[in-house]
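Peer 1: Build out the structure end to end from the sequences listed, making use of the hints.
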Amino acid sequence: MIGIINYGSGNLSAFINVFKSLDKKTMIINEPADLKFCSHILMPGVSAWDTTIHSINRFKDVLQENVYSRKIPFLGVCVGMQILATSSEEGTLSGLSWIEGSVRKLPIDNMPLYKNYLGPKLPHMGWNFVTAVANSPLMSRLPENPEFYFLHSYFFDAIKIENIEATTDHIGFRFPVIIQNENIFGVQFHPEKSHINGKMLLENFSNL
Amino acid sequence: MLRSRYIPVLLIEDGELTKTKKFDDGIYVGDPINAIRIFNEKQVDELGLFDISITKNKSVIDFDLLKDIAVNANMPLTYGGGIKSVKEASKIISMGFEKVSISSAFFETPTLINDISSEVGAQSVVVCIDVKKINNEYFIFTHRGTKKIILSLRQALEFIENNPIGEVIINSIDRDGTFAGYDTDLAQIIRKNISINITMLGGCSGLDDIILLEKKIGICGCAAGAFYTFVGKNNAVLLNYNKPIL
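Chains as they are written, first to last, in the working numbering: chain A, 1 to 208; chain B, 1 to 246.
Source of the hints: derived by calculation from the structure; they are not laboratory data.
Bear in mind the structure is a predicted one, so any value in this text is a computation, not a measurement.
A portion of the hints provided could be inaccurate.
Listed next, the stretches of chain B that the computed footprint assigns to chain A, with coverage defined by at least 3 CB atoms under 8 Å from CB atoms of chain A [unchecked claim]:
hint, segment
1, 116-123
2, 151-162
Capping the alpha-carbon separation at 27 Å, the derived lysine-lysine pairs in DSSO-like fashion look like this [what the hints assert, rightly or not]:
hint, chain 1, residue 1, chain 2, residue 2
3, B, 22, A, 121
4, B, 243, A, 199
5, A, 199, A, 25
6, A, 121, B, 192
7, A, 115, A, 105
8, B, 56, B, 87
9, A, 115, B, 148
10, B, 42, A, 20
11, B, 58, B, 42
12, A, 24, B, 42
13, A, 25, B, 67
14, B, 147, B, 215
15, B, 243, A, 121
16, B, 91, A, 60
17, B, 192, A, 105
18, B, 133, B, 215
19, B, 21, B, 216
20, B, 132, B, 58
21, B, 67, A, 199
22, B, 22, B, 215
23, B, 42, A, 199
24, A, 115, B, 215
25, B, 91, A, 105
26, B, 87, A, 60
27, A, 36, A, 20
28, B, 216, A, 121
29, B, 56, A, 20
30, A, 24, B, 56
31, A, 20, B, 67
32, A, 199, B, 215
33, B, 21, B, 42
34, A, 25, B, 42
35, B, 22, B, 56
36, A, 115, B, 22
37, A, 71, A, 160
38, B, 42, B, 233
Just so it is clear, CB atoms sit at the ideal spot from N, CA and C, and this is done for glycine as well.
Peer 2: Structure, rendered in structure tokens:
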């Protein structure tokens, strides 16, 4: 049973649709206590940092217990990934600190390409190619450099290279888009809105 | 590197899909949920949905319909039409829309954008402006092309640039539903004055228009209503999706 945390933000139905098409059972987690029924936990996110941290506060202790002690697979999506960090430039509240790093605004204006770049700068919005490390569990069976849908201005600046499972490039700046620490995963893009590639990634997660 | 986004745009009027020409009354082109299912299968980059009955009829946002749409959609969604408060915007985002689009309310209550942005994040905030060319000068209209705003296009763009907004959709009233091609002069003015994501809408008749637009302003959003709604000489209604090959 894949538990999808409902903290009042994020597109739960898109995830449910994808898992349904994969014949995987899902459960919307409205109360922290419901997490005990889950084999996997998914944390969606479409919101600003402080709004998200504030709304997940009541899930924090139970999440800690399930993800750290029971070691069940956890996937944070977009802001749901960013909250794994310690802090964010987008807000003032503290993150979960599950993966070492902080959330920063994409520093693309420092890039040499930036000056003559015609296209969109921030937010990083649209479809971009993702490059994974070898043997990435979430990217297994996907084509090389698959496309995913992004919508964000901040990125997870991971401290340890071994936590970085995949990256992408925006105006010459390469940054982590899949991070991992044992059973804890985060993806910056939206797999639930990335058609077939996203579906395969979510299937990989559900098979962990 | 990002690529351009190719975006079908659907207009909703009283719960049904309509397609206008130069902002006229429009003709019936189908059922929204059926359209969502078709565009799911076609794996579209994004979908734009605008309820054009709201500001005209002073009615309220059809949240039941939006919920139905979000539950059925597997692609990124933008909704615009009648959003006047932070509460409405964040309700739509929490239903599963990636972005909310503000038009008339942006010019009526400029502080609204700040409040919505701090709630849902600037990346999810879109401003859509309807532009009409009169005597070789561009003007912005609201309320389905009936009310001209006091700011000039340049003033409005500067105002947009200085607010926490992730994307601006430029809708050409003159080109709407005409298949006359994108207004690339307008697109170039926008590109010069705006650093956020630009999406052009109005006039697209095919991939050549899309390629020309990208040639003029680089990577952008290429949105189209009629092009993705009609096929053939007689404009038969048949939702379709086609984009340039990378």
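Peer 1: Go through the numbered hints given earlier and state which of them the structure violates, listing their numbers in rising order.
Peer 2: 2, 3, 9, 11, 14, 29, 30, 32, 36
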